[in-house]
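What follows is each chain in one-letter form.
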Amino acid sequence: MEGEIEIQIEEAGLSSSTSEHGTLGQGVGNTLVGNTHEEKAHQGTSDHNATAGDVSASNKSWFYTDIVKEHFFNPRNLFKTKEEADTYFSDGMGFVGSPACGDMMKIWIQVKDDRIKECKWQTFGCASAIASTSMMSVMITENEGMVLEEAMHLKPQDIVKRLGDLPARKFHCSVLGDKALRAAINDYYAKHGHQEKVIEEKHRMIDHIAKVTDHDIEEAVLEGATTFEAVQKKTKVGVANKQCIPEVEQLIKFYKEKYYGSE
Amino acid sequence: MVIEIYLDHAATTYVRKEVKEVMDRYFSEEFGNPGSFHTIGLRAKEAVNSARETVRKLIGAKRAEEIIFTGSGTESINLAIKGFCRANKTKGNHIITCKIEHEAVLETCAYLEKYEGFEVTYLDVDRSGRVSVEDLKSAIKDNTILISIMYANNEVGTIEPIHELVKAAKSVKKEVIFHTDACQAGGALDIHLEHLGVDMMTLNGSKIYGPKGIGMLYLKSGVKIHPIIHGGGQEFRLRSGTENVSFIVGFAKALELAQEEREQENKRLIQLREMLVEGIKERVPKVFLNGHPQERLSNNANITILDVEGEAMMLYLNEYGICTSSGSACTSQSLDPSHVILAMGLPYEAAHGTLRFTLGKRTTEKEIQKVLDVLPVVVESLRKISPVNLTVEEVIN
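Taken in sequence, the protein lines are chains P and L.
For the first sequence, counting from 1, position 43 maps to 43 in the numbering used here; every step adds exactly one.
Numbers given in the numbering used here equal positions in the second sequence, counted from 1, plus 263.
Worth flagging that the hints you see were computed from the coordinates, not collected in a lab.
One thing to keep in mind: the hints can contain errors.
[Claimed, not checked] Straight-line distance between alpha carbons at most 30 Å, and here's what the computed DSS-like set of lysine-lysine pairs gives:
no., chain 1, residue 1, chain 2, residue 2
1, P, LYS82, L, LYS633
2, P, LYS233, L, LYS633
3, P, LYS233, L, LYS377
4, L, LYS362, P, LYS233
Bear in mind the structure is a predicted one, so any value in this text is a computation, not a measurement.
Here chain P stands alone, though its shape is the one from the complex (with noise of 0.2 Å):
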């Protein structure tokens, strides 16, 4: 029931953000499109017509939701240059990641009454980690702008579910942008002081030899290790230290059962 009404929204979502096409959208993002959006694909100028128009029947076979190629394709709330975002005013900017893991994100975040009204992003990772951090900058500026304290709590399972799935080895991919956007908010909590609302991301050391820790654990898990074996094929954990495998495994159950539900 509550999937139904997620997707109702979703898609008042989609037009209500058209006129926020950045600067991916221009030229080859607009053909990309396809049929179902020519209304929007005609609000961009492209100087690139060579390539213009051979795409839009190609919408079979796609790997991911529609949803996702929809927001891969053209992604929402960016800025229209790379001048701008150097020249960008946030009251929050958060950043994590590296090239080095395959995936970066940037997040900016305008502040009004303790909510979010303008969030801009700047992602290098694959499909769905642009999709994700594109539908996660609907999520928090739609409908007044998110508050606060409910947009620290964003969950990377709100972002799938709002994507329509992702595919479970790629749902790692839309961790990073709560994480971005956690490190934006503590951001502005920093600068306009609010240090007592900071909440830091904590770990805790789970094998001491391996140095793995839950959170690693965790990654290791949306990353679709979810038996000991592959999550130790990944971390390492356990592998010299023997008396932390219960816990380890309890952990994996935990996580297993947060990300993919209950068995």
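Based on these hints, arrange chain L on the given structure of chain P.
Quick look at chain L alone, frame taken from chain P:
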């Protein structure tokens, strides 16, 4: 209609018309089991024998029994490595391979390491993806029984100096056995055994415009291996299972045509590939070619494009009907970026932004032109939203 531009020939190729034509007879008309004693069976057997003879001549094997048909390149590799190690474990337990091999080799070696007491040395490669002769020589130990080095790499196209490696290895230890995975080479390189000197060689159909699901292992007379599939004793008791007559016939035909046309086709492909690589370099800033500049497959262009992620580029190109593949973590099952790119010493950030274009028979100049029109736009779009700003110097130094 989107025109599909297929630039992923290293993944697999279409079956060419001439091949399909010779295969067609062996489904409903000539359906016999080569193991049967009646006329229908004997005709099927004759078809297999004649295909074997074609292949034997093409690679310069001495005897028909040296050609073993299997179900895939992967199966041939498993048969070569597991089969040889199991049959020769009293002689030693050390295998040498290299870090950029296909998973079929790497995982088979890892399996033997984990479950059957073998020790594996994974040789490094240089920045161009080449194994060094000296490294190989010094890795050979008293207990080394097998070396498996690929002829040409599937991701970056680098060609390994197989003949030199074999010569060097045998100079250190005469009785060591050398296997090469030549799956990517079958259509493009000289696969004559006299010029390679290997004891075992794997080929398959799906990269040479033949059918998928057919592989071949060359096994030099005198080299002892155990079968990995047991049963009715087909293929000289080394690969049981009723012979896949149609595919065997198709494979032989495909290999024959590929070798016949090799030189001419290479010339054409190199021209197109240079047009692609030079075109990309001209139009897209901050890119570089991976693999060896000269010693590479004629159809391979593996390119790193900085500040953007490979899967995103690949999916974007896919929207234009351009089919490529990427070494990025997001396109792999493991979520790790390409082991080949990393083994060549490139940092993770480069591995994530890697695109592989592999050209083939149907590739035209017009198609390459289309890629050159589209790619700069795709890269520019993704770079606009990327917070990363690397330089080529910091990545490759």
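Hints and how they fare:
1. P:LYS82 <-> L:LYS633: holds (27 Å)
2. P:LYS233 <-> L:LYS633: Violated - the C-alpha atoms of LYS633 (chain L) and LYS233 (chain P) are around 42 Å apart, more than 30 Å.
3. P:LYS233 <-> L:LYS377: holds (14 Å)
4. L:LYS362 <-> P:LYS233: Holds: LYS362 (chain L) and LYS233 (chain P) sit about 19 Å apart, inside 30 Å.
The structure shown violates just one earlier hint, number 2.
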